[in-house]
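In case you want the letters, here they are:
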Amino acid sequence: MTRLLKGAGFWLLVAAILFYLLFPFYYAVLTSLKSGSAVFQVSYWPTELDFSNYVRVFTEQPFARNILNSLLVSFAVVALSLSLGLGAAFALGRVRFRGRSTLLLTILGVSMFPQVAVLSGMFELVRGLGLYNNLLSLVLSYLIFTLPFTVWVLTTFMRNLPGEIEEAAILEGATPFVLVTRIFLPLLWPAMVTTGLLAFIVAWNEFLFALTFTLTNTQRTVPVAIALITGGSEHELPWGNIMAASVTVTVPLILLVLVFQRRLVAGLTAGAVKG
Amino acid sequence: MTSDLTRARIRSAWLFLAPMLLVLALVAAWPLARTFYFSLTDAELSRFGDYGFIGLENFLAESRGVTYGILADPLWWVAVKNTLLFALVSVFFETVFGVIIALVLNASFPGRALMRAAVLIPWAIPTVVSAKMWAWMLHDQFGIVNDALLRLGLISAPVAWLASSDLALWSVVAVDVWKTTPFVALMVLAALQMLPRDCYEAARVDGIHPVRVFFHVTLPLIKPALIVAVIFRLLDAMRVFDIVYIMTGNAEATMTMSVYARQQFVDFQDVGFGSAASTLLFAAIALLTVIYLMATRADLGGRAR
Numbered sequence: 001m002t003r004l005l006k007g008a009g010f011w012l013l014v015a016a017i018l019f020y021l022l023f024p025f026y027y028a029v030l031t032s033l034k035s036g037s038a039v040f041q042v043s044y045w046p047t048e049l050d051f052s053n054y055v056r057v058f059t060e061q062p063f064a065r066n067i068l069n070s071l072l073v074s075f076a077v078v079a080l081s082l083s084l085g086l087g088a089a090f091a092l093g094r095v096r097f098r099g100r101s102t103l104l105l106t107i108l109g110v111s112m113f114p115q116v117a118v119l120s121g122m123f124e125l126v127r128g129l130g131l132y133n134n135l136l137s138l139v140l141s142y143l144i145f146t147l148p149f150t151v152w153v154l155t156t157f158m159r160n161l162p163g164e165i166e167e168a169a170i171l172e173g174a175t176p177f178v179l180v181t182r183i184f185l186p187l188l189w190p191a192m193v194t195t196g197l198l199a200f201i202v203a204w205n206e207f208l209f210a211l212t213f214t215l216t217n218t219q220r221t222v223p224v225a226i227a228l229i230t231g232g233s234e235h236e237l238p239w240g241n242i243m244a245a246s247v248t249v250t251v252p253l254i255l256l257v258l259v260f261q262r263r264l265v266a267g268l269t270a271g272a273v274k275g
Numbered sequence: 001m002t003s004d005l006t007r008a009r010i011r012s013a014w015l016f017l018a019p020m021l022l023v024l025a026l027v028a029a030w031p032l033a034r035t036f037y038f039s040l041t042d043a044e045l046s047r048f049g050d051y052g053f054i055g056l057e058n059f060l061a062e063s064r065g066v067t068y069g070i071l072a073d074p075l076w077w078v079a080v081k082n083t084l085l086f087a088l089v090s091v092f093f094e095t096v097f098g099v100i101i102a103l104v105l106n107a108s109f110p111g112r113a114l115m116r117a118a119v120l121i122p123w124a125i126p127t128v129v130s131a132k133m134w135a136w137m138l139h140d141q142f143g144i145v146n147d148a149l150l151r152l153g154l155i156s157a158p159v160a161w162l163a164s165s166d167l168a169l170w171s172v173v174a175v176d177v178w179k180t181t182p183f184v185a186l187m188v189l190a191a192l193q194m195l196p197r198d199c200y201e202a203a204r205v206d207g208i209h210p211v212r213v214f215f216h217v218t219l220p221l222i223k224p225a226l227i228v229a230v231i232f233r234l235l236d237a238m239r240v241f242d243i244v245y246i247m248t249g250n251a252e253a254t255m256t257m258s259v260y261a262r263q264q265f266v267d268f269q270d271v272g273f274g275s276a277a278s279t280l281l282f283a284a285i286a287l288l289t290v291i292y293l294m295a296t297r298a299d300l301g302g303r304a305r
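Protein chains in written order, with full-length UniProt numbering: chain G, 1 to 275; chain E, 1 to 305.
The set of hints was computed from the structure by calculation and includes no laboratory data. In this text, all values refer to a predicted model and were calculated from it rather than measured experimentally. Positions of the beta carbon are idealized from the N, C-alpha and C atoms, including for glycine. Don't take every hint at face value.
With beta-carbon atoms standing in for the labels, derived distance ranges [claimed, not checked]:
no., chain 1, residue 1, chain 2, residue 2, range
1, G, 48, E, 115, 22 to 32 angstroms
2, E, 219, G, 60, 47 to 57 angstroms
3, E, 155, G, 37, 22 to 32 angstroms
4, E, 50, G, 169, 16 to 26 angstroms
5, G, 47, E, 294, 47 to 57 angstroms
6, G, 185, E, 210, 44 to 54 angstroms
7, G, 236, E, 200, 55 to 65 angstroms
8, E, 153, G, 2, 31 to 41 angstroms
9, E, 196, G, 132, 53 to 63 angstroms
10, G, 48, E, 269, 45 to 55 angstroms
11, G, 127, E, 14, 29 to 39 angstroms
12, G, 185, E, 115, 34 to 44 angstroms
13, E, 199, G, 177, 45 to 55 angstroms
One-sided and incomplete, this derived list gives chain G residues near chain E with beta-carbon spacing under 8 angstroms [said to hold, decoys possible]:
no., residue
14, 24
15, 31
16, 42
17, 90
18, 108
19, 131
Looking at chain G on its own, in the form it has when it is part of the complex:
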């Protein structure tokens, strides 16, 4: 009897946790599928399947363009971070040299910067380079958090690779460049995918720089576009549209995370616990 009770208690806890974690998104989907004034009637179960909010998000504003912007920026940031990070991770993970620990700690320190602390300096840089209201300003500024993180996680993975293959390659006369591109890169593919995904998510979600360094609707990324969806007045926010936009940009992300969940967890723990 107590065992039965304990079992029931456990499943109740599981249900409560799942409800807590998943309900908000379920409710966002529910709201996004309502039409017109039905949005303002609270309901707990799906009452209708109306896609007009989704249509409106794409017709009333350049939301497709915003998605394209986010994709372009995120892919560019991932590509840059990975290519710069791989070489650095080789140096930091496989070579013993003076000042290595200090360097690693400095890089970790950079990832702790509050974004606001570089805001005015970065704004000056962006303006100086003529990149204000240009997506390149976002690519440049996002490197401040994706690069230290990429270097850190790739270094952790790089360290855990066996040394024998490397020694054999060196005896064969492989140059460091060959070593990195022919030996380590193939071994590090899983780590590269993990790190790339995490960097992609960070870049996709970034808000403060995107809000400050872009000005026009067509240059905005997805988070800024969603934050700035407005209605006729302060009190008439088009919640149906906002929820439709939110669901649109979140579903692909959730699918990505579910497919790669094991790897993502490995990357997250490598980035934080060991760092």
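Start from chain G and add chain E according to the hints.
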């Protein structure tokens, strides 16, 4: 011979590091140094580039018996208080919920893999989306939270969760807890899965109550990982911007140090003053980072090859 090889290897290591270091110098060191410098000037956004050095006046100054500057601004101290409250309360609840969820995930039950995946969902949802979703759920007239509480008879009238100055900060904290608990849960779960199984067998054979086992065996063993996760989360919470700004804008009741700094910089166009606020926030976080690095240094040293 060997030392020649080693030397060549070290030289190539620096060659591989150089591009990354150059980029970091450009996007991190330089902007940070400029922000520090701007904090000592009267720079303004509308006439960027035309500014003069004014020393520490942005921080604190006195003129004809009136003190001004950030440290004399009551709103700054409100922001400091809000930031600290936000960070401490949200990290406390994240840790408690995170540990509970991690313990559940560490038990073996059918559907565990599915639940482990589900836990990642709030973490994967963009902050802007979480903030908007919750702002909608907490809407004073049409929100489902008020509707549910009214139906359950827990409240007799709708509550203005985000508009009331007493509740707004706690509403934002609740959203942050929801969003970041998965992160703590995953960190703790990783630590739990590395625990030796034999002492649990022994405890079970001895018939020790699971709660006692948790506090006397599990908690001490996962403490190092927990401390790292907590400090990591604290640093993150100290610089919170997105969630607060999207849910309540520049409202005084929820204003954090980041929101204050950005308001000075963008809305009031006062680059110098905004930079000074940013510099103070940076100093606070740098202090915490040093503590964090000291806490993890042992791990780093142990793993050096």
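Against the structure, the hints come out as follows:
Remark: the range hint 22 to 32 angstroms for residue 48/G to residue 115/E is upheld by a beta-carbon distance near 30 angstroms. In this structure, residue 219/E and residue 60/G meet the distance hint of 47 to 57 angstroms, their C-beta atoms being roughly 53 angstroms apart. Here the CB-CB span from residue 155/E to residue 37/G is close to 25 angstroms, well matched to the stated 22 to 32 angstroms. Between residue 50/E and residue 169/G the beta carbons are some 57 angstroms apart, a value that contradicts the proposed interval 16 to 26 angstroms.
Restraint check, residue 47/G to residue 294/E: a C-beta distance of roughly 56 angstroms satisfies the suggested window 47 to 57 angstroms. Here the CB-CB span from residue 185/G to residue 210/E is close to 47 angstroms, well matched to the stated 44 to 54 angstroms. With their beta carbons about 57 angstroms apart, residue 236/G and residue 200/E fall inside the hinted range of 55 to 65 angstroms. At roughly 32 angstroms, the beta carbons of residue 153/E and residue 2/G sit within the given window of 31 to 41 angstroms.
A hinted range of 53 to 63 angstroms holds for the C-beta pair residue 196/E and residue 132/G, which are about 56 angstroms apart. A hinted range of 45 to 55 angstroms for the beta carbons of residue 48/G and residue 269/E is consistent with their spacing of about 47 angstroms. In this structure, residue 127/G and residue 14/E meet the distance hint of 29 to 39 angstroms, their C-beta atoms being roughly 32 angstroms apart. A beta carbon spacing of about 35 angstroms between residue 185/G and residue 115/E agrees with the range 34 to 44 angstroms that was offered as a hint.
As the Cβ distance of residue 199/E to residue 177/G is approximately 49 angstroms, the hint placing it in 45 to 55 angstroms holds. The closest approach between the C-beta of residue 24/G and any C-beta of chain E is roughly 5 angstroms, which is under the 8 angstroms cut-off, so the hint is satisfied. Given hint, residue 31/G at the interface with chain E, holds; its Cβ is 7 angstroms from that chain's nearest Cβ, closer than 8 angstroms. The beta carbon of residue 42/G comes within 4 angstroms of a beta carbon in chain E, closer than 8 angstroms, and the hint placing it at the interface holds.
Interface restraint check for residue 90/G: the shortest CB-CB distance to chain E comes to about 6 angstroms, inside 8 angstroms, so the restraint holds. For residue 108/G, the interface hint holds, since its Cβ comes within 8 angstroms of a Cβ in chain E; the closest pair sits about 7 angstroms apart. Because the closest C-beta pair between residue 131/G and chain E is about 12 angstroms apart, greater than 8 angstroms, the hint is violated.
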